[in-house]
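Undergrad: What follows is each chain in one-letter form.
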Amino acid sequence: MNHIAPGARAGIYHYDAIDRRFVGERVEQFRKQVDRRLAGELTEEEFKPIRLMNGLYLQLHAYMLRIAVPYGVMSAVQLRKLAEIGRTYDKGYGHFTTRQNLQYNWIKLEDTPAILNALADVDMHALQTSGNCVRNVTTDQFVGAAKDEVVDGRVYAEILRQWTTLHPEFTYLPRKFKIAISGAVSDRAAVRVHDVGLLARRNEAGEAGFTFYVGGGLGRSPFIGKLVREWVAEEDFVAYLEAILRVYNQYGRRDNIYKARIKILVHELGLEKFKAEVEEEFARLRGPKYRLDPAIVAEIRTHFAPPPFEELPETSEALARAKAENPAFANWVAVNVAEHKAPGYAIATISLKPPGGIPGDATCDQMDLIADLAERYSFGELRVSHVQNIVLAHVKQDDLFALWQQLDAAGLGTANAGLIGDIIACPGLDYCALANARSIPLAQALSARFADPVRQRTIGELGIKISGCINACGHHHVGAIGILGVDKKGTEFYQITVGGDPTLTTAIGDILGPALTEEETVDAIEAIVEVYLAHRTEGERFLDTLARVGHGPFKERIYAAD
Amino acid sequence: MPLIENGRIGEDAWSFIPDGEPVPNDRPVIISYERWQSDRASFDGRNARLGVRLKSGTLAGAIAPDLDRFALVALEFPKFRDGRGFSTARELRERYGYTGEIRAVGHVIPDQYQFLVRTGFTSVEAPEGTNPTSWANALSEITVAFQPSLDETEPLSLLRRNLGLAG
Amino acid sequence: MPSPDGTLHAITANRLRDGVVVFLAAGGAWVESFADAALLTKAEAEPALAAAKAQADGDQFGVDVYAFEVERADGTAQPVKMRERIRALGPSVRLDLGKQAAA
Ligand code: SF4
Chain A
1 MNHIAPGARA
11 GIYHYDAIDR
21 RFVGERVEQF
31 RKQVDRRLAG
41 ELTEEEFKPI
51 RLMNGLYLQL
61 HAYMLRIAVP
71 YGVMSAVQLR
81 KLAEIGRTYD
91 KGYGHFTTRQ
101 NLQYNWIKLE
111 DTPAILNALA
121 DVDMHALQTS
131 GNCVRNVTTD
141 QFVGAAKDEV
151 VDGRVYAEIL
161 RQWTTLHPEF
171 TYLPRKFKIA
181 ISGAVSDRAA
191 VRVHDVGLLA
201 RRNEAGEAGF
211 TFYVGGGLGR
221 SPFIGKLVRE
231 WVAEEDFVAY
241 LEAILRVYNQ
251 YGRRDNIYKA
261 RIKILVHELG
271 LEKFKAEVEE
281 EFARLRGPKY
291 RLDPAIVAEI
301 RTHFAPPPFE
311 ELPETSEALA
321 RAKAENPAFA
331 NWVAVNVAEH
341 KAPGYAIATI
351 SLKPPGGIPG
361 DATCDQMDLI
371 ADLAERYSFG
381 ELRVSHVQNI
391 VLAHVKQDDL
401 FALWQQLDAA
411 GLGTANAGLI
421 GDIIACPGLD
431 YCALANARSI
441 PLAQALSARF
451 ADPVRQRTIG
461 ELGIKISGCI
471 NACGHHHVGA
481 IGILGVDKKG
491 TEFYQITVGG
501 DPTLTTAIGD
511 ILGPALTEEE
521 TVDAIEAIVE
531 VYLAHRTEGE
541 RFLDTLARVG
551 HGPFKERIYA
561 AD
Chain B
1 MPLIENGRIG
11 EDAWSFIPDG
21 EPVPNDRPVI
31 ISYERWQSDR
41 ASFDGRNARL
51 GVRLKSGTLA
61 GAIAPDLDRF
71 ALVALEFPKF
81 RDGRGFSTAR
91 ELRERYGYTG
101 EIRAVGHVIP
111 DQYQFLVRTG
121 FTSVEAPEGT
131 NPTSWANALS
141 EITVAFQPSL
151 DETEPLSLLR
161 RNLGLAG
Chain C
1 MPSPDGTLHA
11 ITANRLRDGV
21 VVFLAAGGAW
31 VESFADAALL
41 TKAEAEPALA
51 AAKAQADGDQ
61 FGVDVYAFEV
71 ERADGTAQPV
81 KMRERIRALG
91 PSVRLDLGKQ
101 AAA
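Residue numbers (full-length UniProt numbering), protein chains in the order written: chain A, 1 to 562; chain B, 1 to 167; chain C, 1 to 103.
Worth flagging that the hints you see were computed from the coordinates, not collected in a lab.
Some clues are possibly wrong.
[Claimed, not checked] On the chain B side, residues computed to face chain A include the following (Cβ under 7 Å): (1) V23; (2) N25; (3) K55; (4) T58; (5) R81; (6) F86; (7) S87; (8) R93; (9) I109; (10) R118; (11) S140; (12) V144; (13) P148; (14) L156.
Ideal Cβ placement from N, Cα and C applies to all residues, glycine included.
Bound-form chain A, shown alone:
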């Protein structure tokens, strides 16, 4: 058995007395801020950025609290606490987001300090999950386990989490600031659609360093991050980022909320001028004060030491047998299980996208079950992926069948990771105050329409991403098929884009034609799939076929009648 005492928390940064002191003080500070707001000493205008900095939004029905899951990694103990909070202070469920966080939808302002206290008990907080500051840094959900990993992104994501915490200079930026790190050959963190995207690499001497992309982002004006520096050595990591943030804080636009992200600055200033400004700052900041001490990196790395893997043969006979006997399980393994770097282990994705379900939602009972399974099969650790699924990163191949049986019994055994049913959808108009249209009902209709597992595998790799407004929290621009909700004279309409790609070959999708109603949209997606299947040649993914045949056949099929 791989059972690990809950306290061991393999692969989780664990707080020491100093971290605990800080988070405790921060909760007390917020408690006083809430009191000052309720007493009228702080106006709503003044309080809003403060509550946002603590993860608290006001949404359609109530306050929404966004809990930070640093770089998407947490322990079973932490997940159980999240379940408990969901039962005590919310309505028995939570929503996992594309930022690898967890949101509760029915929170009371007056309960928030108590919730933050409960989080602090398990080394968690909600800091900087919103507001115009540096947000929770995201990374590859397979970090520390993937076969193609070069550098462990958790180490640097944790360094950034700490470094940016209540950063005195960068807490009132022109706009929010999102950083993603990928340390593997394939980019599973969508680095080029972030304000700063980092590829962690190694040079010939084996030293870690970073390639910096700046100015990517979705939203009203989508941009793909531009290469700003090919190599930043580890010791300069923080100084270089400070230089970028300082240039942004000084020159970023503050006159128009839609032009305030760093992507617009890079675009308006021009890449060369932007680079020159950053280099100038960097040259000065590069001294000893902002040097990242290798001793600190080494110490933080100890938190992410590999769990005590058993020595196992490369492949498991038990797994082969179970697959042969149970086709549904074999299908789940083929779709939801990825290769692990340790022999005899595997990475299992738990899909939070059952046909007809609400993408990313999990009940507190499901959270408890996942926590149990993480303890039993994955060293007490799990991850939230940016496609709103859960990952158990270190499962023995021998254990996969037992794991799947328990997941399946709880409605968590859907085999659709990366397939058409694995839809990303933002909360949309059902919850979000900024929405133009609902996203969830469309995701439900689509996943029900494509529920058949055989059909899903026939269609192959195809990501549908849905946003309820142009803020693009559902990443629709980079969906192979993207759907954007729009409001036309009070009626919900949906605009379809095709050809988006979040990986290193980043592409923003093109609009296929006029927006459609919800019902028409579901039919149109099915038509797109049929056209693809009719045109594809051996081994082509949807994106490949689309690139080869162009929009013509798809448009014709959907809009021919007009």
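Given the structure of chain A, go ahead and fit chains B and C with the ligand onto it with the hints provided.
TA: Quick look at chains B and C with the ligand alone, frame taken from chain A:
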């Protein structure tokens, strides 16, 4: 308006002279950066201390060549959410070696006080009727910092530092 | 389409301390159910909104105070926009939650 210094309400020796009004020669005054640009010759030979007030869009580099003429630089926050002043202050200190007083003026809230001190501000002009306790508390509520800055901090371990700010 | 001057309005806010959606009732009290909301003509809505804002602000009672359009169909009033319907009822994808569940 109350002046906050070291977590307390302090004496303000300075006054701001709006553009167009005569500038007294016998006491410390703050003038606008615009006035300094157009009338700088008129301040030649002045003995009493001079301060300059920068709008948030005016960055540190603009005043850098003249910093030795000013005992005080006031940085304006048009809205407390406009955080450019934090970078301007830090640049004044770190890049241009300015050692005089840096004052935050305009819309600033106590919840930003620690950030102001950490980026090199020495004083804050708070709004009339402000609650002094909130300013005092702001310096002692949080005692850990996760990055070096311009204040006196003492490294603890990893990136963490002790904030020894409570005045 | 009702003529613009025939459109009715209701006034809403989120309660500060718990975020719950509230509506202004006749007489100036805030209520949780849309069914109890005061329906105002455009001429009535403007001063009522200003007064409600001042009161909600001054008493630290509510935030995001605004008016929205209401239409009458078959004798029952309902918000014109989907957004306001969802606020008045709860998420359309979770009929077990929100005000619709309590009703
Ligand atoms: S994309 Fe728009 S509707 Fe969806 S969660 Fe983001 S802001 Fe809300």
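Undergrad: Evaluate each hint against the coordinates.
TA: Comparing the hints with the structure gives:
Evaluation of the V23(B) hint against chain A yields a violated restraint, the C-beta minimum of about 30 Å exceeding 7 Å. Below 7 Å, beta-carbon pairs count as interface contacts, and N25(B) has none with chain A, the closest being about 35 Å; its hint is therefore violated. A distance limit of 7 Å between C-beta atoms decides the matter here; for K55(B) the minimum to chain A is near 12 Å, and the interface restraint is violated. Restraint check, T58(B) versus chain A: the minimum CB separation of about 11 Å is more than 7 Å; hint violated.
Satisfaction of the interface hint for R81(B) is found here, the shortest Cβ-Cβ separation to chain A being roughly 6 Å, below the 7 Å cut-off. For F86(B), the suggested interface contact is upheld, since its CB lies about 4 Å from the closest CB of chain A, less than 7 Å. Checking S87(B) against chain A: minimum C-beta separation of about 5 Å stays under 7 Å; hint holds. Checking R93(B) against chain A by beta carbon gives a least distance of about 11 Å; that is not within 7 Å, so the hint is violated.
Taking 7 Å as the C-beta cut-off, the interface hint given for I109(B) holds, the closest approach to chain A being about 5 Å. For R118(B), the interface hint holds, since its Cβ comes within 7 Å of a Cβ in chain A; the closest pair sits about 4 Å apart. Contact between S140(B) and chain A, as hinted, is not supported at the beta carbon level, the nearest pair being about 9 Å apart and thus beyond 7 Å. Taking 7 Å as the C-beta cut-off, the interface hint given for V144(B) holds, the closest approach to chain A being about 4 Å.
The beta carbon of P148(B) is positioned within 7 Å of a beta carbon in chain A (closest approach about 6 Å), and the interface hint is therefore held. Among the interface hints, the one on L156(B) holds; its C-beta lies about 6 Å from the nearest C-beta in chain A, closer than the 7 Å criterion.
Of the numbered hints listed earlier, those contradicted by the structure are 1, 2, 3, 4, 8, 11.
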